[in-house]
Amino acid sequence: MADVPLSPTRSAAAKAGGASAWTRLQTNRNWLGLWFMLPAAGFLILFLAYPLGLGVWLSFTDSRIGRPGEFIGFENYAWLWGDDVFWLSVFNTLLYTTVASVLKFAIGLYLALLLNRHMRFKAIIRAVVLIPFIVPTVLSAVAFWWIFDTQFSIITWMLQGLGLIDHQINWLGDSTMARASVIFANIWRGVPFIAITLLAGLQTVPGSLYEAATIDGATRWQLFRFITYPLLTPIIAVVMTFSVLFTFTDFQLIWVLTRGGPFNATHLMATLSYQRAILGGNLGEGAAIATAMIPFLLAAIMFSWFGLQRRKWQSGGSDD
Amino acid sequence: MNLTRRSLLRSTAATGALAMATSLTGWAKAWAQTSMLHAPEEGATLQLLRWRRFIQSEEDSFMALVAAFTAATGVPVEVLSEGMDDVQPKASVAANVGSGPDMFWGLYSLPHLFSDRCIDVTDVADYIGNKYGGWAPSAEVYGKSGDQWIALPVAYNANLINYRQSAIAEAGFSEMPGDTEGFLELNRALNRIGKPAGMALGFASGDGNAWVHWCLWSHGGNLVDADDNVIINSPETEAALVYAKNLYDVWIPGTASWNDSFNNKAFLAEEVFLTNNGVSIYAAAQNAAAEGDEKMAAMAEDINHAYWPVGPVGKPTEFHICYPLMGMTYTKYPNAVKAFMQFMMEAENYGPWLNGARAYLSHAYAAGEDFAVWTADPKFAPAKPAAYRTLTAGGLGSVGEKAASALADFVVLSMIANACSGRSTPQDAMRVAERQAQRIYR
Numbered sequence: 001m002a003d004v005p006l007s008p009t010r011s012a013a014a015k016a017g018g019a020s021a022w023t024r025l026q027t028n029r030n031w032l033g034l035w036f037m038l039p040a041a042g043f044l045i046l047f048l049a050y051p052l053g054l055g056v057w058l059s060f061t062d063s064r065i066g067r068p069g070e071f072i073g074f075e076n077y078a079w080l081w082g083d084d085v086f087w088l089s090v091f092n093t094l095l096y097t098t099v100a101s102v103l104k105f106a107i108g109l110y111l112a113l114l115l116n117r118h119m120r121f122k123a124i125i126r127a128v129v130l131i132p133f134i135v136p137t138v139l140s141a142v143a144f145w146w147i148f149d150t151q152f153s154i155i156t157w158m159l160q161g162l163g164l165i166d167h168q169i170n171w172l173g174d175s176t177m178a179r180a181s182v183i184f185a186n187i188w189r190g191v192p193f194i195a196i197t198l199l200a201g202l203q204t205v206p207g208s209l210y211e212a213a214t215i216d217g218a219t220r221w222q223l224f225r226f227i228t229y230p231l232l233t234p235i236i237a238v239v240m241t242f243s244v245l246f247t248f249t250d251f252q253l254i255w256v257l258t259r260g261g262p263f264n265a266t267h268l269m270a271t272l273s274y275q276r277a278i279l280g281g282n283l284g285e286g287a288a289i290a291t292a293m294i295p296f297l298l299a300a301i302m303f304s305w306f307g308l309q310r311r312k313w314q315s316g317g318s319d320d
Numbered sequence: 001m002n003l004t005r006r007s008l009l010r011s012t013a014a015t016g017a018l019a020m021a022t023s024l025t026g027w028a029k030a031w032a033q034t035s036m037l038h039a040p041e042e043g044a045t046l047q048l049l050r051w052r053r054f055i056q057s058e059e060d061s062f063m064a065l066v067a068a069f070t071a072a073t074g075v076p077v078e079v080l081s082e083g084m085d086d087v088q089p090k091a092s093v094a095a096n097v098g099s100g101p102d103m104f105w106g107l108y109s110l111p112h113l114f115s116d117r118c119i120d121v122t123d124v125a126d127y128i129g130n131k132y133g134g135w136a137p138s139a140e141v142y143g144k145s146g147d148q149w150i151a152l153p154v155a156y157n158a159n160l161i162n163y164r165q166s167a168i169a170e171a172g173f174s175e176m177p178g179d180t181e182g183f184l185e186l187n188r189a190l191n192r193i194g195k196p197a198g199m200a201l202g203f204a205s206g207d208g209n210a211w212v213h214w215c216l217w218s219h220g221g222n223l224v225d226a227d228d229n230v231i232i233n234s235p236e237t238e239a240a241l242v243y244a245k246n247l248y249d250v251w252i253p254g255t256a257s258w259n260d261s262f263n264n265k266a267f268l269a270e271e272v273f274l275t276n277n278g279v280s281i282y283a284a285a286q287n288a289a290a291e292g293d294e295k296m297a298a299m300a301e302d303i304n305h306a307y308w309p310v311g312p313v314g315k316p317t318e319f320h321i322c323y324p325l326m327g328m329t330y331t332k333y334p335n336a337v338k339a340f341m342q343f344m345m346e347a348e349n350y351g352p353w354l355n356g357a358r359a360y361l362s363h364a365y366a367a368g369e370d371f372a373v374w375t376a377d378p379k380f381a382p383a384k385p386a387a388y389r390t391l392t393a394g395g396l397g398s399v400g401e402k403a404a405s406a407l408a409d410f411v412v413l414s415m416i417a418n419a420c421s422g423r424s425t426p427q428d429a430m431r432v433a434e435r436q437a438q439r440i441y442r
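First to last, the sequence lines map onto chains Z and S.
full-length UniProt numbering numbers the first residue of the first sequence as 1 and each following residue consecutively.
full-length UniProt numbering numbers the first residue of the second sequence as 1 and each following residue consecutively.
To be clear, the hints were calculated from the coordinates, so they are not data collected in a lab.
Fair warning: this is a prediction, and the values are worked out from it, not measured in the lab.
Below, in silico cross-link-like pairs of lysine to any residue (SDA-like), each with a Cα-Cα straight-line distance of 25 angstroms or less:
#1 S:195 x S:304
#2 S:195 x Z:166
#3 S:265 x Z:151
#4 S:245 x Z:84
#5 S:245 x Z:151
#6 S:90 x Z:291
#7 S:195 x Z:165
#8 S:315 x S:374
#9 S:195 x Z:158
#10 S:90 x Z:256
#11 S:195 x S:307
#12 S:195 x Z:159
#13 S:245 x Z:88
#14 S:265 x Z:160
#15 S:195 x Z:152
#16 S:90 x Z:48
#17 S:265 x S:298
#18 S:295 x S:166
#19 S:195 x Z:164
#20 S:195 x Z:151
#21 S:245 x Z:170
#22 S:265 x Z:157
#23 S:90 x Z:68
Every beta carbon over 12 angstroms from chain S, so not counted as near; a handful from chain Z, in silico:
#24 56
#25 134
#26 203
Residues from chain S that face chain Z, not an exhaustive set, calculated with beta carbons under 8 angstroms:
#27 89
#28 116
#29 259
#30 269
#31 404
Idealized CB from N, CA, C, for every residue including glycine.
Between the sequences and the hints, there should be enough to build the whole structure, so can you do that?
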């Protein structure tokens, strides 16, 4: 951009005066833009970049709680490389994120399509759908804690009452069941966010497109495939990016329900990082686990943006 | 006035606490004049974060003690409570950022996680030790870093076998077996009669860590040796894993997900008839009985406590919870902190407080053997020598920050859980634990 002075008078004064540098900083548009951005930049640096940078730095040290530690290079990462529990947590995190995100998207989209129809009490129903999202995570986790209790589960009690089973279901005491249980709880909690966001997107699709396609003889599937889905793709990209990020970094739900057990089968990278850094006192190692999450998160973001956001057919081209 | 048994109990408890507070206050004022080692700073106020009480009367007695301290010294003390598992992260964060409560009252070797951030309380510990017949050996291990006392190990929670006398009688046992083989037979017999046992195998820092360490140590296994070299991968550990799996196989399903509170509620709901815990299950049954619950009254009558069986090593290998109290170096009022610690441990305060705890807490110094609580109920007796029978976090090794990390990381518990579930062979479980321990003790 050209260096354009705000006013000829001030510019002339700037050229004439001895304090020209300071005046230029005050009047030059480029500098002014910088000044205006500084508060936001300062905020981001202080609360986002600095903690992130500090976390990455800690991962290269042997810091313990209350002690700064010394630089030890990649030693924390080398230990993690041979650590079965760490790799199990990576597997758990990927499984948890993938299964929960896919199911949350499928259920959320279905729910959004249903809610987009004209029906009675539409506003109330839409508000009710949001309840799982509104309830504090810890509160819903405690509710699931009782629902999945091996001895006192209401599901087990009902199934036994119906005569369908005659034994207790080991919800959180078996690896597979525990994983399925925490994924279910996450889906229950996450679906409303996706459903309501996609519903907002659905309402921006012009009705005339559907009318034109219907006149052309399009089926319901074709309406969805060639009108709804393409026009919804940008918002899907955004909502799924957030969903994947939230799911990947989930902590509260797991911590309340299982603390990573049984047998570390539900330990996510976030919970393992907390356990080793804060409970175990090894800040450096905990930071290394947290830092190891970054590539996965970046990959998820890249996939969402480059895989969904930039498809040519959104602007009328082909997919190639 | 409508006087019910419940309201009578409440008013009696309140009157007791009030009477205790009144009598304490007079003594406390004299103590502040004559015996206080450190005069609190001008305008001092204190904040103490403690684990949330399990027995109401314990907290009542403790708060009476706190009120007496304030009356005698003029130092207000704010007492905050957190769940047992939440004290450590809060203390860790406070130690790291240098701000937070003046005192933390946590579990096991917590002060050793950040020993540099704990104030030196050596003179207070020496005074208490000399005056009351000496600290228990385990208390010295927990309280000292090198030659310096970094915390006062104020009390222990005896982790005992809790059982229903009628159930073990029905299973064919007249008393709790004193050896591990007999104990396994009892567990099998309980399973056969449909009154199974069960102990926490989830990430339960109290009950979970207590039984798995007993199991490991009773068979001669250890995480590290006296020089902190990792020795977990051993035939003794393998024997412990086989034994633990034998127990697990006859326990009620679901113990792998149990945390510290699951066994309490399962026991009170008559889902399990033997577990490990403090005496708080008994106290809960007694409380319910006092409120008119006849079923709980019968259960309280039937509950009893026992020491852990002795394994092949031939000596007790119990792991009771130590509750250390530490002052933080960032406090503005270190003298007030030390004065409070000293006050708390004086027998005139300590005795009535432990009496209020009804054997949920056991004394840490010799003179505590004479406290009234130990003659109040014969079922309390096994809790009495907790400080003298317990081994310490770290086992043969040091009780420093590495032992604290291994405990917080559930290295032993995860190894036993993996072997019990059959997800790993004993050899694989040991190999993973060995690697974990090497990482921590590097």
